[in-house]
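S.K.: Given chain P, work out where chain U should sit, using these hints.
Line order of the protein sequences matches chains P and U.
Quick note: the first sequence uses our numbering, first residue -1, plus one each step.
Quick note: the second sequence uses our numbering, first residue 2, plus one each step.
These are calculated hints, taken from the structure and not from any lab test.
Model, not experiment: these values are computed from the prediction.
Each hint should be verified, as a subset may be incorrect.
Claimed, not checked - Some chain U residues flagged as far from chain P (calculated, every beta-carbon gap over 10 Å):
1) THR49
2) ASN61
3) GLU87
4) GLY91
5) ALA139
6) ALA145
7) ARG158
8) LEU167
To be verified - Label pairs and their calculated CB-CB ranges:
9) U/ALA145 / P/ASP121: 55 to 65 Å
10) P/VAL160 / U/LYS187: 55 to 65 Å
11) U/LYS187 / P/ALA146: 40 to 50 Å
12) U/LYS187 / P/ALA26: 23 to 33 Å
13) U/GLU101 / P/LEU153: 51 to 61 Å
14) P/ASP91 / U/PRO69: 48 to 58 Å
15) U/ALA145 / P/ALA78: 34 to 44 Å
16) U/ASP121 / P/ASP121: 56 to 66 Å
17) U/ARG158 / P/ALA78: 16 to 26 Å
18) U/LYS187 / P/ALA78: 55 to 65 Å
19) U/SER183 / P/ASP91: 37 to 47 Å
Even for Gly, the Cβ is constructed at its ideal location relative to N, Cα and C.
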Amino acid sequence: MSRFDDLPLRRKLMLVILVTCTLVLLLASAALAGFEIDTFRRTMLRESMVLADIVGKNTQAALTFQDATGATSVLGALEANPEVVAARVHDRDGAAFADYLRTGPGIALAERARSDGHEFLDDHLVMVRPITLDGKRIGTISLWMDLAGMHERLLLFAGIVVLVLIGSLAMAWVLSAYLQRYVSQPILSLADVARTVAERKDYTVRAPPQGGNEVGVLTDAFNHMLTEIYDQNQRLKRQAEELTRSNAELEQFTYVSSHDLKEPLRMVTMYMSLLERRYGASMPPEAVVFLHEATAGGERAQQLIDDILSYSRVDRPGVGRGPVALDVVVAEALANNRAEIDRLRAEVVVKSSLPVVLGERPQLVQLFQNLIGNAVKFHGDVPPRIEISAERAGKEWTLSVRDHGIGIAPHYQERIFDMFQRLHTREEYPGTGIGLSICRKIVVRHSGRLWVESEPGAGANFRFTLPVVGELVVGEPQQAASPTDRASGAAL
Amino acid sequence: MALLTEEPGITGLARARGRSGIRCLGALIALFLWAVPGRQAGAADAPTREYLVKAAFLFNFTQFVEWPAAAFPDDAAPIRLGILGEDPFGRAIDDTVQGETVRNRPLVVVRSRRADELKDCHLVFVARSERSRLDEVAEAFDQAPVLTVSDCDGFTRLGGMIGFFLDGAKVRFEINPSEALSHGLKLSAQLLSLGRLVGPEIGAPPR
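With the rest of the complex left out, here is chain P (with noise of 0.2 Å):
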């Protein structure tokens, strides 16, 4: 059935009429010829009896007269029907008494009489019928009837109906072939025009529309599926370019009002220090206190304003892509937060070899200097230790840096990669809050996902995940591992 299924339309509608014609043509047939029989064996048994009444007739006066003679001859007569191979006269107590056999023996003749009726031998029709004269039984008739011509006749008709069947056959396939163009090809047409937008993704393509039935009915909700996936692709199009000019605005925004902002603020910073410095001696006490907290002020939202920044910058059309040695990244990052690890006299252990990525290597680079520099700073009362190790599970990488800090409470797991969230006094751990929105930001351009295990006290163990890139891409590992060569790496 399925071996059916999968034929093509032609085909299977060929097939169809192929197999129906077969049918009903078998199935006609057959009724011919059992009625072609039956009234063959009717008008034989009419023809018999009529022919074996006469015949019995006219022995009557032979049976009577015991003139077996008169009987012979009168037998004689049935020479004109080639039909009768031969009859046989039996007279009033069963005994035979006059015989007619048109070829020789072979026949078994009856040597008593059978009783009245017929039977269907397989090659004779024996007809027996009473001889009456005068209304009182005188004796019995019996003819044989040759059935050679029956067969002959069902043989003919065997023939003419396999004649009629390869005929019939013949023109159903040719009709067919013609016709069922018909009934398919608006299908396949429209099979077409599915196929080639398939294909050319042309939502402007429309199949031609057909008459009014279901295969129209078909055309026309295709036509008009077409009609609105393209509209909405426009749509969607529209909608998109939209987002994104609106998107490059606020940032080009935040960027230059950020920018513009530094500005100022240096300069309030540099003349307060610079007031200090000159006019300190002579200040009262209280007065450099307040010079004091203004700078930190000032330096804190000029820190304020570069996160943002580099948050901003995120989003912007860097360096460009390409493969990247998460272990120079990690040496380089390391290297950046070099002052706050040997102050705290960190450990940073890499447990084992990092992968090489597809990316853009500066963003990798404060990805990682954002993580050791947290994992650093929320150490607990011992100096603080990291580790930090990459495994692989199917394509992606996972990556993790851990710390024995003073960790997460599970209900803030989720907040710490909001902009600005900060779960401690800025006399506790400084901050502005930016730097794990800055690296989730990262993370997720890089077709990955960010996420914190930790126990309070416990310690913290940020996870992000990084596609596996292609074989390609691994084998030139020398030019991305070169930590020196920075400029080289990153136009990679």
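M.R.: Frame of chain P; chain U shown alone:
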């Protein structure tokens, strides 16, 4: 279909006459007579085997002869068999017709030595005792619808209708159909085909 032309009728009669000579050779005697060969050596009154056959034939003739309707007073009237002269059958003829009917008519046997007493019979058997007076007998039944049968030599040439003769041991009969026709009797073609035909050629088919 071809067989219908063989049915006794106009052509059947003509053909039967042509073949009658061949057919005479093959006549058989009734089987029941074969079974009782000793009967002819019996008592003086008992008929010979020959007359037993002839008695049966007399009865059989009535089945293949058609009398005009005027020959019977009514539908139930019996067929009268007359025996003219010295009866050679004894009880044989009475036994033969006993309880038989032909076309729903019973059969009655009448015996007489005088022909005019048998004029209302339908079939008259003329015994050998009358062989010297066959002319008179023929005259007596002139025009009457009476089938005359005899075993006297030359009976059919002297105005008789059916004459028995012996073909070896077999009883056969000859028929003068024109004589029967002139008396208004219709003999079945089958009967004609079994007997030897004598008398003038029949130009027109018997009606």
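S.K.: Hints the structure violates: just list their numbers, smallest first.
M.R.: As far as the earlier hints go, 2, 12, 14, 17, 18 are violated by this structure, in ascending order.
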